[in-house]
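For the protein sequence lines, the chains are G and R, in the order given.
For the first sequence, our numbering puts the final residue at 422, and the numbers step up evenly by one.
For the second sequence, our numbering puts the final residue at 339, and the numbers step up evenly by one.
It should be emphasised that the hints constitute simulated quantities derived from the structure, not laboratory data.
Any given hint could turn out to be false.
Unchecked claim - Covered by chain G, per the in silico footprint, the following chain R stretches (three or more residues, Cβ under 8 Å):
#1 209–221
#2 232–243
As the list claims (entries may be wrong) - From chain R, some residues computed to sit far from chain G (all C-beta separations above 12 Å):
#3 Leu158
#4 Thr186
#5 Gly191
#6 Pro193
#7 Ile225
#8 Lys250
#9 Ala316
As the list claims (entries may be wrong) - Some residues of chain G that are not near chain R, with every Cβ distance over 12 Å (derived):
#10 Pro243
#11 Asn246
#12 Leu316
#13 Ile345
#14 Arg358
#15 Gly387
#16 Arg419
Heads up, the beta-carbon is just placed ideally off N, CA and C, and yes, glycines get one too.
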Amino acid sequence: MMAALGALLVRDLKLAARVGGSGLLGVVFFLMLVTLIPFALGPDLNLLSRIGPAILWIAAVLATLIGLDRLFQGDEEDGSLDLMRMSHVPLELVVIVKGLAHWLTTGFPLALLSPLFGLLLAQEPDAMLAVMATLMVGTPALTFIGGIGAALTASLPRGGLILAVLVLPLMIPTLIFGVSAAQAAIGGTVPFLTPFLVLAALSLVAIVTGAVASAAALRGGG
Amino acid sequence: MPTSFLWGLANPTRFMALSARILPWMAALSAVVTAAGLYLALFSSPADYQQGETVRIMYIHVPAAWLALALYAIMSLSALGTLVWRHPLADVSQKAAAPIGAAFTLLCLVTGSLWGKPMWGTWWVWDARLTSVLVLFLIYLGILALWRAIEDPGQAARAVAILTLVGFVNIPIVKFSVDWWNTLHQPASVIRMDGATIDASMLWPLFTMAIGLTLLALTLHMSGMRSEILARRARSLTLKAADRAAERQRPLPLSAGSAGAGSA
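Let the sequences and hints guide you as you build the complete structure.
Pasting the structure below:
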């Protein structure tokens, strides 16, 4: 069973890396958003450094949405999802592995590169580290909450917009605690660890509920 | 037995017959109680000593908020009915509850905003209660969008049921947001462990309005279920008629080769 799941992970990563895959497009989109916001706000460095963590988190939410509509749709179209449904590996684990592959190509590189984008937004070093840590811990929640929407819309021809409408309200708690943890690290009355641990808990809950709900949606939608 | 009663209703024809008889009575009752409630709320109850006449917004605002949550609870129970027991009427009930719940949530937000302007001096604050109700409204909109996106009613019902149950996490957040966070919105004052902290002269009009609007919501829910059942019958009849028409117009098969070439 582990071999099958490992093969699935390698397959999804290869699909993302090769021609036609979305690869690191999420990161490029993230950079676009970070560039776009100072154009709208004006290049006021004090303002940017104050709201920088919030900008980075909103950009992370939107960048996660980008690849999500294809998370199960490609497999639904070419029939490999049917094979996964019929295999002896539980569909919940398949969902977790596919989510992990998606996170490795969007959330993880995004968190890793966030200090670089923090430079553009005039972030202090400790703020950069805080944003990086919160994104590292919080983006799995975004991926797996989004995965529920991806599973629900897998068989729809234009699932992208409806996917965003379905999952964005559910992502709000993650956004709240992600930004408040990052803000707490720069200063404030709340210690950094309190919202950070809630964020970690949200991610763990999202992985479990996301796996169960997405698998149920994939079984029912066929 | 409630379960055997629910299964008795699993036959849509029986449900249609029963609801046709109950519905006029429920509609009349909700009209009478709501009218009485409106009279009590707008004319015979006293104005607040601090808020003046604006306190009368409460008699719409508070029942609307209760119903926004109650209809989500109905939707979640129906979602369980769809996923666990495969009750044939559960997905109809789910679908009928969604627009009514969304309407009451919007009513709650709008009346709250109209009340907030004179009392707090602003139409909107990003306070925990207000924000969580706004999120509830967004979840309702997502559910309505998903109903419209999937064509097959059975498949749509299962997808919406999963989304409804996942979105249920927001309901306790709405209910307890005023206790968990220190907010501008006042804490609960009617349903409390130590009794209501609201005077009887305002409590009775509020309860009457709540009962009247609950009856209204149940009436709308039942009539929504009836029209959904009829819409599904019409849909299956249309599909059958289209099938028969296609059957008639299909040319007689000449040979396998020419038919294959024609369709390719």
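These are the hints, each one checked on the structure:
Beta-carbon proximity to chain G at under 8 Å applies to 7 residues in the segment 209–221 of chain R; the threshold of 3 is reached and the given coverage holds. With 7 residues having a Cβ less than 8 Å from any Cβ of chain G, the segment 232–243 of chain R passes the three-residue criterion, so the hint holds. Listed as a non-interface residue, Leu158/R fails to keep its Cβ farther than 12 Å from every Cβ of chain G; the least gap is roughly 7 Å. The claim that Thr186/R is not at the interface with chain G holds, since no C-beta of that chain comes within 12 Å of its own (minimum 22 Å).
With a closest Cβ-Cβ approach of about 21 Å to chain G, Gly191/R is found to remain outside the 12 Å limit, as its non-interface label requires. Once the 12 Å rule is applied to beta carbons, Pro193/R is consistent with being away from chain G; the minimum gap is 29 Å. Not every beta carbon of chain G lies more than 12 Å from that of Ile225/R, the smallest distance being close to 7 Å; the non-interface claim is violated. Separation of Lys250/R from chain G is adequate, the least Cβ-Cβ distance of about 15 Å exceeding the 12 Å criterion.
Here Ala316/R stays apart from chain G, with its beta-carbon at least about 26 Å from theirs, past the 12 Å limit. With a least beta-carbon separation of about 27 Å from chain R, Pro243/G lies farther than 12 Å from that chain, consistent with its non-interface assignment. No beta-carbon of chain R comes within 12 Å of the beta-carbon of Asn246/G; the shortest separation is about 23 Å. Consistency note on Leu316/G: stated as away from chain R, and its beta-carbon is indeed over 12 Å from all of that chain's, at 31 Å minimum.
Non-interface status of Ile345/G relative to chain R is broken: a Cβ of that chain comes within 12 Å, the nearest being about 8 Å off. Non-interface status of Arg358/G relative to chain R is broken: a Cβ of that chain comes within 12 Å, the nearest being about 8 Å off. Taking the minimum C-beta to C-beta distance to chain R, about 21 Å, the non-interface status of Gly387/G holds against the 12 Å cut. Interface exclusion of Arg419/G from chain R breaks down, the closest Cβ pair being 9 Å apart, not more than 12 Å.
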